[in-house]
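J.: Residues per chain are reported as follows:
2 protein chains.
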Amino acid sequence: VNPVDLRLYGIVDPAVGRGRDLGALALEAVAGGCTLVQYRDKQAVTRAAVEQARALKAALDGTGVPLLVNDRVDVALAAGADGVHLGRDDMHPADARRLLGEDAVIGVTLKSAADADGLAGLPVDYGCVGGVFATASKPNPDPPIGLGGLAALVARARAARRLPVGAIAGIDAANAAFVIAAGADGVAVISALFAADDVAAAARDLRGIVDRSLASRGALA
Amino acid sequence: VNPVDLRLYGIVDPAVGRGRDLGALALEAVAGGCTLVQYRDKQAVTRAAVEQARALKAALDGTGVPLLVNDRVDVALAAGADGVHLGRDDMHPADARRLLGEDAVIGVTLKSAADADGLAGLPVDYGCVGGVFATASKPNPDPPIGLGGLAALVARARAARRLPVGAIAGIDAANAAFVIAAGADGVAVISALFAADDVAAAARDLRGIVDRSLASRGALA
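For the protein sequence lines, the chains are S and Z, in the order given.
Under this note's numbering, read the first sequence as residues -14 to 206, first letter to last.
Under this note's numbering, read the second sequence as residues -14 to 206, first letter to last.
In isolation and in its complexed conformation, chain S is listed as follows (with noise of 0.2 Å):
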């Protein structure tokens, strides 16, 4: 299991990021707090995806700020990013472990007790709980989870394996603190991040709620 610090996990993706350049924008989150970078895009083409995956890299290089490619294997190696996220669609956690190799961080989503439980038998390090507030940045089929179904997968999760667990899904400043206080991690954000005029100033506002709220559930544990 590699170590991955899930505190503040911004997820830029063209779609959110109002035409603005997108390692300028993960730069700005960095600044602010941001503990990791996901690259999410369902539309580009490949080559594309390979050149915008790599601008972030650069962007990033030398903030010790790992940046992840959702679903795209070849992405991130043609890219030579830090590590995949995995949807249930997405290549199985396995077959990308063989090709990213020890080193890469390899998350998946968690959506139901049943992925909870699956943690246990994948070579992956880390688990983000799905779903947990409606949001407009991606569609989701399945209605929200809330704050309780959050703490119930997060709980199963950490029954099955010792692995950091985050949340995503609608996360933004005004609930942060309940998704840390039903035992997240930390949150994954897109829109409450990307879609802001000051992404470092939304950074720094979020990281800030998060340490918190991590600080709090801690002494009370």
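Hints listed in this document are in silico derivations from the structure and should not be mistaken for laboratory results.
Keep in mind the model is a prediction, meaning the values are calculated, not measured.
Taking lysine to aspartate or glutamate pairs in the DMTMM-like style, the calculated list, with each CA pair at most 20 Å apart, reads:
(1) Z:K123 with Z:D74
(2) Z:K96 with Z:D74
(3) S:K96 with S:D74
(4) S:K27 with Z:D74
(5) Z:K96 with Z:D127
(6) S:K27 with S:D127
(7) S:K27 with Z:D26
(8) Z:K123 with Z:D157
(9) Z:K27 with Z:D74
(10) Z:K27 with S:D74
(11) Z:K27 with S:D26
(12) S:K123 with S:D(-2)
Following the hints, position chain Z against chain S.
T.: Positioned in the frame of chain S, the structure of chain Z alone reads:
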């Protein structure tokens, strides 16, 4: 450069196979004389594409006929396919070669004089002139180049580099002889093979035409 036999290049695509099992279709095509198989699927999610490519590779096991994957280097790597076919929107051939290794077969589509000239600097094993005739198998924004355009691009590609050069788009038993007469080393076909009721018979027919046309061209040379 890895040797590759383009005489009858069959491209299996679920959009064309009328719901029939792609592995069975590919095997029928090979039984009829198909010399190279490509798996093309622009709709499948990654996990399903890997499973389909694996099934195709297993179906072709022992036939000696290589399996290439359209566009997706990740799918080719995960499924243990023999290589990839790359268009201008797909991964750059130099990146694909680095990821797939020296033994992989890598081919590219040639649609313009610049593409043909560019063959000189690419680590690829064959070219395939695209858009020869009108086709229903794939949306194509460019007008067909016809036999005259094909002959010109084949000549230009051969001047750039000594590689096998195939041809694709709208090729069938009625025009395959002319395609070979125009200089191609073989024909790449989709509908003419995989929309047929008897795929093996269609392959035998096409392969016979290609072989006779190559022999006639050789006798004239």
